[in-house]
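Colleague: The chain contents come next:
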Amino acid sequence: MADSAPAPEQDPTVSVSVSFHASVIDSVRDRVGKRGVSPYVEAAVRRQIERDNLQAMIQANEEIHGSLTSEEIQAAREEIYGAVPRGEVA
Amino acid sequence: MSGTWLLDSEALSLYLRADRKMTARLAVAAQDDVRVVIAAATIVEADYLAVHPARLDWALSRLVAIPLTQDLARAASNLLKSAGLRGRKYAIDAMVVATALAAADRPVTVLTSDVDDISTLLGDRLDRAGAGRTGNSTRVRVLAV
Numbered sequence: 001m002a003d004s005a006p007a008p009e010q011d012p013t014v015s016v017s018v019s020f021h022a023s024v025i026d027s028v029r030d031r032v033g034k035r036g037v038s039p040y041v042e043a044a045v046r047r048q049i050e051r052d053n054l055q056a057m058i059q060a061n062e063e064i065h066g067s068l069t070s071e072e073i074q075a076a077r078e079e080i081y082g083a084v085p086r087g088e089v090a
Numbered sequence: 091m092s093g094t095w096l097l098d099s100e101a102l103s104l105y106l107r108a109d110r111k112m113t114a115r116l117a118v119a120a121q122d123d124v125r126v127v128i129a130a131a132t133i134v135e136a137d138y139l140a141v142h143p144a145r146l147d148w149a150l151s152r153l154v155a156i157p158l159t160q161d162l163a164r165a166a167s168n169l170l171k172s173a174g175l176r177g178r179k180y181a182i183d184a185m186v187v188a189t190a191l192a193a194a195d196r197p198v199t200v201l202t203s204d205v206d207d208i209s210t211l212l213g214d215r216l217d218r219a220g221a222g223r224t225g226n227s228t229r230v231r232v233l234a235v
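Protein sequences, first through last, are from chains A and B.
The first sequence begins at 1 in our numbering and counts up by one.
The second sequence begins at 91 in our numbering and counts up by one.
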């Protein structure tokens, strides 16, 4: 994810107050320590924005050319990975 | 995280022209939680003539464009030298390949209309056998669009 971050001088950090359930924040602190919480949360949020943007890009094209069928998506999957059953992970 | 797909200018142009097959490929990426990115240099050469500027702006604001750092530029220059290629025609391809080789989330696949040149630039780091699914491969797969 580090390769997508803008230069710090163009994108200063701001402090915001966000509430989490205690168990979630405990898990984060266990993993990365107290000082690692902001980078961990930022990386997760940044990735979620990428996912949402990809979905938005797909939807925008579907509004132009019509909805994709599951057959079309499966055909693309086979083109990309070869003919493997859906759900199989090598 | 299921790796990274790097779109070259033709793959980006296919998306911008609302090509159904390209949208279907992106749907596979979304299903598999693959990161879809472009090299910043690709913005220079995508075929924008057929695309409304507002649509282009909209798409580019939603795509991660990996910046060309000095390190990547030098890596691209070395790729050109190793492949025995020179000149503008190959410069942006070399930037795309350098960006792919340095991408953090592996495995990496380049979606391109120019399989031959991208493969030549990858040299022995071309993943010929892998289906783009194998763990932390340092090699890069090339997929024709």
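Treat the hints as calculated values from the structure; they're not laboratory data.
Do not rely on the hints blindly, as some may be mistaken.
[Claimed, not checked] Under the rule of at most 25 Å between Cα atoms (straight-line distance), these lysine to aspartate or glutamate pairs were calculated in the DMTMM-like manner:
#1 B:K111 - A:E71
#2 B:K171 - B:D147
#3 B:K111 - A:D30
#4 B:K111 - A:E63
#5 B:K171 - B:D123
#6 B:K179 - B:E100
#7 B:K111 - A:E9
#8 B:K111 - B:D123
#9 B:K179 - B:D123
#10 B:K111 - A:D26
#11 B:K179 - B:E135
#12 B:K111 - A:D11
#13 B:K111 - A:E50
[Said to hold, decoys possible] Label-pair ranges, simulated between beta-carbon atoms:
#14 A:F20 - B:G174: 22 to 32 Å
#15 B:V205 - A:S70: 21 to 31 Å
#16 B:K111 - A:Q10: 35 to 45 Å
#17 B:V205 - A:N53: 47 to 57 Å
Predicted model, so just to flag it, every value in this text is computed and none were measured.
By construction, the Cβ of each residue, glycine as well, lies at the ideal position given by its N, Cα and C atoms.
Colleague: Holds or violated: are the alpha carbons of K111 (chain B) and D123 (chain B) at most 25 Å from each other?
Modeller: holds (18 Å)
Colleague: State, for the Cβ atoms of K111 (chain B) and Q10 (chain A), whether the hinted interval 35 to 45 Å holds or is violated.
Modeller: holds (36 Å)
Colleague: Does the structure keep K111 (chain B) and E71 (chain A) at a Cα separation of 25 Å or less?
Modeller: holds (11 Å)
Colleague: Compare the distance between the alpha carbons of K171 (chain B) and D147 (chain B) with 25 Å, and conclude whether the hinted pair is satisfied.
Modeller: Since the Cα atoms of K171 (chain B) and D147 (chain B) sit roughly 34 Å apart, the hinted pair is violated (cutoff 25 Å).
Colleague: Is it true that the CA of K171 (chain B) sits at most 25 Å from the CA of D123 (chain B)?
Modeller: violated (35 Å)
Colleague: With 22 to 32 Å as the target window, see if F20 (chain A) and G174 (chain B) comply at their CB atoms.
Modeller: violated (55 Å)
Colleague: Against the 25 Å threshold, does the CA-CA distance of K111 (chain B) and E63 (chain A) hold or violate the hint?
Modeller: With a Cα-Cα distance of about 15 Å, the restraint between K111 (chain B) and E63 (chain A) holds, given a limit of 25 Å.
Colleague: Could you see if the CB distance from V205 (chain B) to N53 (chain A) stays within 47 to 57 Å?
Modeller: violated (27 Å)
Colleague: For the pair supplied as a hint, K179 (chain B) and D123 (chain B), confirm whether the alpha-carbon distance does not exceed 25 Å.
Modeller: violated (33 Å)
Colleague: For the pair supplied as a hint, K111 (chain B) and D26 (chain A), confirm whether the alpha-carbon distance does not exceed 25 Å.
Modeller: violated (44 Å)
Colleague: Would you mind confirming whether the straight-line C-alpha gap from K111 (chain B) to E9 (chain A) stays at or under 25 Å?
Modeller: The given pair, whose Cα atoms are some 39 Å apart, is violated under the 25 Å limit.
Colleague: Within 25 Å, alpha carbon to alpha carbon, are K111 (chain B) and D11 (chain A)?
Modeller: violated (36 Å)
In terms of the numbered hints stated before, the structure departs from hints 2, 3, 5, 7, 9, 10, 12, 14 and 17, listed from lowest to highest.
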